[in-house]
Amino acid sequence: MMANRGCYPHPVLDKSDDVTSDYEVINVLIDPSQQDIAIAYEVRTDDPDILSLIDSGKAIHSLRWHCSSTIATDEMNPSEYQRMPGGSKLRAWLDQQLVRGDVVADVRVIAVDAIKGHRWTNQHADYGGASFDLQPGDVLAEAGSFRFNAEKLYDPLDPPIGSCFRFIESARLRKGIKLAFDGNDTVDVQIPTQTFNDFKLLSHRPDLQIALVVLPALLETLDFIRTSGKEEPLDDKAWYVAIDGLVRENGGWDTSLLELAQKILENPLDTTMRKGIASEEDDQ
Amino acid sequence: MNPSTPEARALTESAVLDLFGALEFASCPEKFLASADAIVIKPKNHLALPVSRGIPDDLTVEGNRGVDVDNAPRLHEYIGEMDRANASDARLWNYLSFATYRAYMEKRWPLTQNDSADEAWKGRVKDRWLLHTGAVTRGRLVRHGIARLWWVTHLTYFSHSNIGITKDDPYAYTREVFKSEDRINALFDREVGAIPSVMAAVLDHATYLGTKATDKYLQRIMQYLKLINGYREIGILDEASIAALVNAAAKRASQHQSSA
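Residue numbers (numbering that gives the first Met the number 0), protein chains in the order written: chain A, 0 to 283; chain B, 0 to 259.
Keep in mind that the hints were calculated from the coordinates and are not lab data. Quick caveat: nothing in here was measured; it's all calculated off a predicted structure. Please note that the accuracy of each hint is not assured.
Calculated cross-link-like contacts (lysine-lysine; reagent style DSS-like; alpha-carbon spacing at most 25 Å) [as the list claims (entries may be wrong)]:
#  : chain 1 : residue 1 : chain 2 : residue 2
1  : A       : Lys229    : A       : Lys177
2  : B       : Lys225    : B       : Lys178
3  : A       : Lys236    : A       : Lys177
4  : A       : Lys236    : B       : Lys41
5  : B       : Lys41     : B       : Lys30
6  : B       : Lys43     : A       : Lys236
7  : A       : Lys262    : A       : Lys274
8  : A       : Lys199    : B       : Lys166
9  : A       : Lys177    : A       : Lys262
10 : B       : Lys211    : B       : Lys166
11 : B       : Lys178    : B       : Lys166
12 : B       : Lys125    : B       : Lys41
13 : B       : Lys30     : B       : Lys121
14 : B       : Lys166    : A       : Lys151
15 : A       : Lys14     : B       : Lys30
Covered, in the sense of this in silico footprint (three residues per stretch, anywhere, with C-beta under 8 Å from a C-beta of chain A), are these stretches of chain B [to be verified]:
#  : region
16 : 79 to 91
17 : 232 to 240
Ideal Cβ placement from N, Cα and C applies to all residues, glycine included.
Let's have the full structure, built from the sequences with the hints guiding it.
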């Protein structure tokens with residue numbers, strides 16, 4: 000019996016019997032890192048039409064994700080990194096800044112251009128020889144959905160290093176930053192007013208904030224500890240205790256300060272440059 | 000600006016759980032708020048924000064309609080833009096509702112009890128004052144008294160834009176949405192409203208129609224767009240195609256209105 004879902008105005012390759020071929024998603028792998036979440040999966044199909052629609056450029060693989068906790072949804076075009084008989088392996092990366100908690104992703108194929116007179120070889124007999132004029136965005140195939148958790152490896156409200164510094168606007172400073180080590184809880188990083196406002200505007204790019212401000216501040220702090228720590232005990236300062244612990248975890252005080260600072264901050268220069276290039280490519 | 004207003008911070012996760020515990024055992028709003036104050040005031044329950052925000056301007060509560068038309072941009076300017084993952088952190092919004100913007104919350108979303116058996120006020124606390132760290136959703140973010148001001152603004156804020164009515168005022172869409180509570184629900188209760196190009200096209204249309212764009216009318220437009228999005232990926236369409244879809248939806252909504 001013909002499916003009567005009543006949603007699609009055209010036959011869709013999915014679990015219904017609109018089209019008798021199979022199209023399914025299997026072997027989903029999720030690998031969250033601090034910056035993004037790598038998503039890899041496999042689609043399997045025995046349909047004679049779908050891959051040629053993709054190869055001709057009329058349709059694309061689509062991964063539509065939804066995250067209720069961040070009121071966010073977007074459509075990704077996963078790249079096909081392996082074609083196999085009867086399917087493809089695909090992967091995509093989702094920015095950690097966009098998601099929190101549960102994320103649901105729909106695996107689909109959608110039309111990118113208008114496709115006139117489309118008909119499936121294996122469409123249900125009840126459709127007869129009917130053909131359909133598809134519009135850009137129309138869903139051609141649905142392999143199903145999967146759910147995953149955007150595990151956060153970093154908490155900016157309780158960061159291992161950020162909690163040691165406090166960023167303060169300074170009306171007296173005109174350029175550059177200056178550090179004050181006399182606080183018990185934090186090292187105060189004084190920033191000139193205009194730069195401080197710009198720094199706040201960069202809150203969507205914590206990688207830049209870390210590379211431009213936290214890295215030099217941490218270097219200066221490490222140098223202060225190494226030179227002044229011998230003369231006066233710093234054990235009563237919370238920021239010293241936290242940084243000392245991080246230094247010991249990352250090679251100890253005999254390591255070069257530049258190497259230590261980069262290790263503690265997880266190589267911010269590399270991350271920032273990679274992100275900068277990626278965002279330039281996105282703009283083009 | 001009130002110098003005694005506490006600067007924006009966040010609460011620790013355990014403090015948020017303590018607030019839920021205090022709510023469960025409180026017999027009246029006064030006792031709950033006293034317990035909440037005792038939790039929120041403790042420095043050990045605070046987390047500093049990565050960047051100090053200073054003391055904010057007060058939010059005001061006047062009239063019955065469009066109360067938050069100016070409050071939302073004011074809060075957004077104070078907190079600034081941040082990424083969505085961090086902006087869905089319940090620890091931040093709970094500190095702001097119980098401490099920084101406490102005076103606003105008491106006027107805008109007052110907790111009242113008719114008699115000792117009345118527990119409806121607890122529903123309002125969970126709806127407007129308190130977010131659970133493990134249960135943050137679209138619906139809860141657009142209802143929480145403070146989070147909603149930032150989130151709806153974030154979703155409707157266009158800086159340096161050439162888009163529709165935001166050319167001269169990046170908060171133009173924000174003010175348009177906050178004209179009514181039902182409008183917020185109509186737009187953001189459906190996922191299709193989270194697609195920025197769709198939201199902008201609908202609000203451009205609403206601005207063009209002025210008072211003729213009733214909440215019911217916008218609700219019908221969003222229902223139609225949700226239906227289309229069920230079989231068509233609206234997010235990939237260009238501005239002109241989305242405007243055409245909104246016009247088609249508007250035509251249907253008008254027909255429905257005139258036949259009703």
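**Message:** Given the hinted pair lysine 199 of chain A and lysine 166 of chain B, is their Cα-Cα distance within 25 Å?
**Reply:** Holds - the C-alpha atoms of lysine 166 of chain B and lysine 199 of chain A are around 23 Å apart, at most 25 Å.
**Message:** Checking one constraint from the list: CA of lysine 236 of chain A to CA of lysine 41 of chain B, max 25 Å. Satisfied?
**Reply:** 20 Å, holds
**Request:** Given the hint that lysine 30 of chain B pairs with lysine 121 of chain B, test it: the Cα-Cα distance must not exceed 25 Å.
**Result:** It holds: about 12 Å lies between the C-alpha atoms, which stays within 25 Å.
**Item:** Stated coverage of the region 79 to 91 of chain B by chain A [criterion: 3+ residues, CB within 8 Å]
**Value:** Check passed, 12 qualifying residues.
**Request:** Measure nothing beyond the straight line between the CA atoms of lysine 177 of chain A and lysine 262 of chain A; if it is 25 Å or shorter, mark the hint as holding.
**Result:** Distance of about 23 Å is within 25 Å: holds.
**Request:** Would you mind confirming whether the straight-line C-alpha gap from lysine 262 of chain A to lysine 274 of chain A stays at or under 25 Å?
**Result:** At roughly 18 Å apart (the allowed maximum being 25 Å), lysine 274 of chain A and lysine 262 of chain A satisfy the hint.
**Item:** 8 Å C-beta test of the region 232 to 240 of chain B against chain A, three or more residues
**Value:** holds (count 6)
**Item:** Given hint lysine 151 of chain A paired with lysine 166 of chain B - CA-CA distance at most 25 Å
**Value:** With a Cα-Cα distance of about 37 Å, the restraint between lysine 166 of chain B and lysine 151 of chain A is violated, given a limit of 25 Å.
**Prompt:** Does the alpha-carbon distance linking lysine 125 of chain B and lysine 41 of chain B stay inside the 25 Å limit?
**Reply:** OK: lysine 125 of chain B and lysine 41 of chain B at ~22 Å, within 25 Å.
**Request:** Would you mind confirming whether the straight-line C-alpha gap from lysine 211 of chain B to lysine 166 of chain B stays at or under 25 Å?
**Result:** 23 Å, holds
**Request:** Assess, step by step, whether the Cα of lysine 236 of chain A is no farther than 25 Å from the Cα of lysine 177 of chain A, and give holds or violated.
**Result:** Answer holds: lysine 236 of chain A to lysine 177 of chain A is near 19 Å, not above 25 Å.
**Request:** Compare the distance between the alpha carbons of lysine 41 of chain B and lysine 30 of chain B with 25 Å, and conclude whether the hinted pair is satisfied.
**Result:** Measuring from Cα to Cα gives roughly 18 Å; hence the hint holds.
Hint check: violations occur at hints 14, 15; the rest are consistent with the structure.
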